[in-house]
Amino acid sequence: MTKIRYWQRRWLTGGCFDMALAMADHLPDASFVALGEPDFPTHVGLKGDFGFLDVRGLSKTERDFCSGFYCDSLCIVDRATVELHAGCAGLEPPYRGVVEIKEAREVIQKYLMTVVEECQQYNDNMAAPFSGR
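Here the sequence shown is numbered in UniProt numbering, starting from 1 and rising by one per residue.
Treat the hints as calculated values from the structure; they're not laboratory data.
Mixed in with the good hints there might be a few duds.
In silico SDA-like links for lysine to any residue, alpha-carbon gap of 25 Å or less [said to hold, decoys possible]: (1) Lys60 x Gly48; (2) Lys60 x Pro38; (3) Lys47 x Gly57.
Can you build the whole structure from these sequences, using the hints too?
Structure representation (structure tokens):
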């Protein structure tokens with residue numbers, strides 16, 4: 001299991017919903033994936049052709065993504081569920097004025113942009129055979 005850094009803790013203890021919404025800005029084709037029950041998720045991140053992504057970084061397998069959490073189910077949830085738990089239900093992206101999402105975006109720029117760009121490139125490479133490039 002990867003060592004959790006100090007700056008990651010907030011985003012693993014309740015802030016994961018804000019982080020997932022901020023990451024979705026960069027990966028709009030990704031799905032939100034939750035650990036636990038769909039209505040009461042324990043943790044949320046993104047899932048795409050690249051694998052799984054959360055504040056810990058990129059996980060290639062479901063097992064890696066679930067590592068460190070007590071969970072018996074992994075499910076796809078919709079944006080509205082994530083927004084509800086982030087406290088911004090009813091707001092439209094880009095969630096102007098939501099301090100937590102602004103801070104999550106800053107964390108992405110500072111620590112996670114390389115990983116996000118790797119996921120974007122993977123998605124672009126997967127789409128290339130179908131787009132005539």
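Against the structure, the hints:
1. Lys60 x Gly48: holds, 10 Å
2. Lys60 x Pro38: It holds: about 22 Å lies between the C-alpha atoms, which stays within 25 Å.
3. Lys47 x Gly57: holds, 12 Å
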